[in-house]
Amino acid sequence: MFRILLSVGALTLTALQPTLALTPLPQNSSLVKNERFGFSFRAPKSWASVALKTDEGWLASKHLSNKEYFGTDKTTGYTYSHVPEMLCIAFIHANQERKKVVEEESEDGVTTKTTTISNPYKDYEDFLDRTYAGGGWYVDSKDKGKHGKIEVTRYSVKVEKLARSGPKRIITWIYHAPDIDFVLQTEVLEAEYKKLRSTIEKSLKSFKFIERSGELLPTGASTPGGIRITRRELTEGTPKERRSKRVESQKIKHEKAIRALPKDWDHQYRGKVLVLDHDQDKWAKKLGDHADLLIEWLSKEFSYFGENEYMRAPILRVCNDSDEEGAFTRGTRTGTTGSYSYVAPGSEIVTHKPDTGWIGGEVDWVNGKLLEQWLLDRNEDAARAMPEWLRIGIVTHVRGARRDGRKLEFRVNEYAREGARLAASQGRATAPRTIMSQTREEFSSGAGGGGTFSKSAEAAQLVRFLLSKEGARCKQAKTLLETYVTTLTQVVDEINEKDKGVASIGNAPKTEEEEDALGKERAERWRQKEQDMVREVFERTFADWTEKDWSSFTKAYFKFIS
Amino acid sequence: MLGPFNYQVSLPAVCLVLLASPLQADILLLKDGRVIDGPMMERGEETCTIHFKNGDVLVPNDWVEDLFLAADLEGLAKNRRRSLEKQGEERLEQIEEALAHAEWGNAYEEETSNFRWKYTLPKRVAEMFQDRLESYYKIFAKEWRVKRDKRKKKMMINFFANRKEFMRTSGAGGGALAYFMFLGDYDLCCFYDRLDMTSTEMVLYHEASHYLQKLLNEDFKMPHWPGEGIAEYYGGALWDPKKKVLNVGLVQEGRLTEVQNDIASGELLTVEQIVLKDAYTDYTWGWALIHFFMNDKTLKKGFLKYANGLANDKKVNRQRGSFNLQMVTPEESLRYLRECLKLTEDSDMEELTQRFHTYIEEDLVIEGAAGLEKAGMGAVQAGKRIRARRLFSEANAEGGLSAVGCYQYAKLVRSSDKNLARDLYRQATELAPLTGTYWYEFGRLHTDEEEGKRFKALGKELDPEVGVYDIDFEDSDDSE
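Chains A and B are the protein sequences, given in the same order.
Quick note: the first sequence, position 171, residue 171 per our numbering, numbers continuous.
To get our numbering, take the position in the second sequence, counting from 1, and add 562.
Read the hints as simulated data drawn from the structure, not as lab findings.
A quick note: this is a predicted structure, and the numbers were derived from the prediction, not measured.
One should not assume that every hint holds.
Claimed, not checked - To be clear about the criterion: a stretch of chain B counts as covered by chain A if any three or more of its residues have a C-beta under 8 Å from a C-beta of chain A, and this derived list gives those stretches:
(1) 661 to 673
(2) 730 to 744
(3) 826 to 836
(4) 943 to 949
Said to hold, decoys possible - Result set (BS3-like, lysine-lysine): computed pairs, CA atoms no more than 30 Å apart in a straight line:
(5) A:Lys74 - B:Lys712
(6) B:Lys714 - A:Lys74
(7) B:Lys716 - A:Lys74
(8) A:Lys245 - A:Lys500
(9) B:Lys726 - A:Lys74
Beta carbons are placed, not taken as given, at the ideal position from N, Cα and C, and that holds for glycine.
Take the sequences, apply the hints, and build the full model.
Right, dumping it as structure tokens:
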């Protein structure tokens, strides 16, 4: 059997391209100087330097204005804000060729063929096509000229249609060296362009080629250090082998993150957690200590979940504020907008010091990401198979965690508490027995209405009850979570084992009728599989429970939520 | 840079050089706006031959707007030569003008009776769409009794020359084919798909229908159902160039196939479910239901009253929603539909659903090669490969597939029937001889290795982007 893993695009590319390290600059200077690549320019005064992604292969520096500008959308009437941003990008000609690397690996008769294709940016417009997420754009003007002795191409790009944060102007000069094109790009609101034009031009005109020194320019399509670890290796093999690979992967990620830090960023270990911060030492310490304690709590409280599995120590990147965090991701392929971002285990969790302080939603979000990484590293299959009530319950509970001295406190989610209390007082709360036997579809039935919110609130309170002192005092609830989760893990393992044999069996349909029947059966199978899993876990977990047990448990739970 | 062969929008510099010395090289102008220069060319009775480095490509004379051959000047009398050169210069000036408008920053801007237009596609292609959309406007306006507010700006149609430009400049994400911005002065963005004119036209009509629905009451936002269903119904329109009329309400074969696939999988939606469910099925089942209403004499009047009344009837309970626009809930929409169609009892609703299902089964029929091909495409999307193969095969027998259809069909059969796949790729190269992908794929399956290499090289010569991910997936294809 051949399994072909095809990864195309800049996501792959970023891992293949070397990082452009900046030489340290004197404090309080706007001078950006890179001797390895041989350029310097002056960023606008008082614009802050922004960190670059660890794997970033194209951006040489980023700078963010210290001033925020506002505007009103004429169509919607909504107000938007925008912080001007300058990017310096280096296109090394030798790295702009497409490359294909095919690797084959055989193990136990199974051949895995991995094909990696690098697909570098062809030119500046291709870079914008693939990274710009601020709205629809077009080249308003483009001309060639000279800046001193340097050949330059000047772009004026307008962002008009579906523009996020308002219509914008991007002013870009490309400085052509024999082997590198350097791009200096500044994005401002269209309405502010006239005002900022001279500031931008000053920077553009300050660009110089300088003598190169230090390491040679990076070429070729190899990862720094020549090490490549695939996801397959991290999730397969014995726990010992996995641990060894994960430790190795963690080491590489941490070293790379530290190596790529800009001059005004610091790094520190708080327990096992690597924290990178930009002038937020106090907050970084606090958040790092908290993250470390949360991981410790998860490992202790849910020790039975993915026992012996190694969780890669997280990396927390703490930006100065939300604008800096936004700028950190822009100009890269993964810098698109969206309300949900998946942070793979071992990857950086990017956050900032929030205005809302320690109690606000930003720390909730970080907690959620730490939990996600922990669950996926400990037992990905079981984590993904969790029924809705359990998933919502654990997430809501953990999001509320805050370190207080040497202990973790778990803030009650007021929406959940009130929602569940209200449902109970109005006699429409769902019995825990019902919630715990429901599939996702059953749990979410009536989506969009008040019912779903109420049920999520009840799920959150149910898990909170199982983890509470009140729960510990209830005979039936005392070890219920552990029993349920352990049973879930067992059932998921059994299903996976069973599926291994089934996967290759099955005849391809020969007629349209068979094809229709197969489609129908597949849809039904997914539904049935989940239903079987949830019912099986339920049956096994509560096999010994009598009606009296249910009655006592339900009473204690309703008392708790009321 | 695309090499010696250029699309009109790609290489202004080359053509400007030509302007300085007209007719020193062969130049081919196609009716769809493309310009080819560089290779040697020959005029034939039915086709024009372009001699590319890796092989000859035959372009049907029907496609040709103009062909200038440097050889034509040889041996001509001075005055005749001068006259021909002058013609060439005029043509090149037209090309220069088109090239000047090929970038969005300098796009053509025009007005027709009811729309403003901004576009980068060739002028003569745009004019064709302008005429058709004006006809479409008149048909819709008459049937729905709407007219635009002449005190307001006409809606802007942003017509991009290709998908890439559309994705870049319109700000649309994902797999969007077009969009209508329902706020402010209104804005419609779409693109010209050179290989699929029919789809380009239908997508334009679909989005324009949203604008026309808006004219029912500009303070109202039509719910997803019936909004998308109506847009699909009016999107099923095609211009008959012979009769010079627009045929509206045609069967959308792709949508019908999706409905049929759902039925085959046991998903049979009722009228009530369609109205209440705010989902993708509004494009498929929603379209089918509106097709049923609009083609049933006993229901059409009631349905038009309903759709119009949702926006305007004082008896409808509307609430303010996003962007401060009036909206109705699905429950209110259903109540009002029952009122307009006089469906007082639940049994009336059940009976209506029965009639609707019968209509799908008996009246909505996939016909003609184009219809079968679209149905085949729909089946591919739904993962019904056996059905897709049958539909493509029937389409081919009935009058032939389009180049895109051949390509899709070939992809389906290439692991099980290489001979058929090869024939289909060859057929695609004949139908769209300037599309590099088809030559490249034909080359990959060619029985003669050297010839195969040559065709692959020709594909790349026509389009350097072809074959960059040259991975042979044959071994992993488990489709059969």
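Here is what the structure says about each hint:
For the region 661 to 673 of chain B, the proposed coverage by chain A is satisfied: 3 residues have a C-beta within less than 8 Å of a C-beta in that chain, meeting the threshold of three. For the region 730 to 744 of chain B, the assignment as covered by chain A holds, since 6 residues bring a beta-carbon within under 8 Å of that chain's beta-carbons and 3 suffice. Coverage of the region 826 to 836 of chain B by chain A holds [criterion: at least 3 residues with CB-CB distance below 8 Å; count 3]. Here's how the region 943 to 949 of chain B fares: 6 of its residues keep a CB closer than 8 Å to some CB of chain A, so the rule of at least three is met and the hint holds.
For the given pair, Lys74 of chain A sits about 21 Å from Lys712 of chain B by alpha-carbon distance, which is consistent with the 30 Å threshold. A C-alpha spacing of about 15 Å is found between Lys714 of chain B and Lys74 of chain A, which places the hinted pair at or below 30 Å, so the restraint holds. Proximity of Lys716 of chain B to Lys74 of chain A is assessed by CA-CA distance (about 17 Å); at most 30 Å being required, the pair is judged to hold. Annotation: proposed proximity of Lys245 of chain A to Lys500 of chain A holds, straight-line Cα distance about 24 Å (limit 30 Å).
Only pairs whose Cα atoms come within 30 Å are accepted, and Lys726 of chain B paired with Lys74 of chain A is accepted, the gap being roughly 28 Å.
In this structure, none of the earlier numbered hints is contradicted; all agree with it.
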